[in-house]
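Residue 83 in the working numbering is what sits at position 77 of the sequence shown, and the numbering runs on without skipping anything.
Incorrect hints may have been included.
What the hints assert, rightly or not - Cut-off 25 Å, straight-line C-alpha distance, at most; resulting in silico cross-link-like pairs (SDA-like, lysine to any residue): (1) K103 / L129; (2) K103 / V78; (3) K103 / Q126; (4) K103 / V55; (5) K103 / L80; (6) K103 / P47; (7) K103 / H66; (8) K103 / R72; (9) K103 / V77; (10) K103 / T65; (11) K103 / S159; (12) K103 / R81; (13) K103 / W73; (14) K103 / D45; (15) K103 / I58; (16) K103 / S46; (17) K103 / A79.
No lab work stands behind these hints, which were simulated from the structure alone.
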Amino acid sequence: AAAAPRSEWVSLARAAARKAADGEAAQLLRELLSFRLADSPYAIPVERVREIVRLRELTHIPRVPRWVLGVVALRGEIVQVVDLRMRLGLATGESTKRSRIIVLHGDDDRITGLLVDAVQDVLRVTEESISPTSGSEMGAVSELCLRGEDFISLVDVDRVLEFRADE
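Model the full assembly from the supplied sequences, consistent with the hints where possible.
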């Protein structure tokens with residue numbers, strides 16, 4: 007049998023690569039930034055993340071909820087920093103060299119930082135691995151992601167950052 011011309015093989019390879027990429031895109035529905043709080047895994051949608059910075063000195067501000075630690079200056083912008091442990095009702099912990107501020111995009115070009123114990127990595131997960139959860143941790147954890155044998159709590163950033171009159 008005669009071998010197929012090189013251009014035919016190239017077009018077949020490209021078609022297979024496109025098909026594989028389309029199949030992967032259909033499976034890959036969410037990218038999540040995973041981090042740790044109180045030795046437990048959490049995650050937020052990667053599209054909400056602007057950047058991740060090391061913990062720096064905070065300027066405390068009066069008359070804000072306890073979970074607002076203060077503000078930091080970041081390249082000329084003022085970023086409010088929220089203690090995510092406190093906001094979720096977890097035991098408070100000491101900051102370490104691994105502590106980070108996850109700077110989030112917000113509404114009206116406002117940015118907010120979440121203080122976490124450590125940032126881990128970006129996860130690519132399918133919709134099948136995510137399931138809704140009942141209202142725990144003040145309703146800030148909206149979904150659970152099964153990753154291997156571990157569950158990762160998906161934080162609803164908008165709920166975490168909303169102020170309530172009773173705070």
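Structure-based check of each hint:
| no. | hint | result |
| --- | --- | --- |
| 1 | K103 / L129 | holds, 23 Å |
| 2 | K103 / V78 | holds, 17 Å |
| 3 | K103 / Q126 | holds, 14 Å |
| 4 | K103 / V55 | holds, 21 Å |
| 5 | K103 / L80 | holds, 19 Å |
| 6 | K103 / P47 | holds, 18 Å |
| 7 | K103 / H66 | holds, 21 Å |
| 8 | K103 / R72 | holds, 23 Å |
| 9 | K103 / V77 | holds, 19 Å |
| 10 | K103 / T65 | holds, 19 Å |
| 11 | K103 / S159 | holds, 23 Å |
| 12 | K103 / R81 | holds, 21 Å |
| 13 | K103 / W73 | holds, 21 Å |
| 14 | K103 / D45 | holds, 15 Å |
| 15 | K103 / I58 | holds, 14 Å |
| 16 | K103 / S46 | holds, 18 Å |
| 17 | K103 / A79 | holds, 19 Å |
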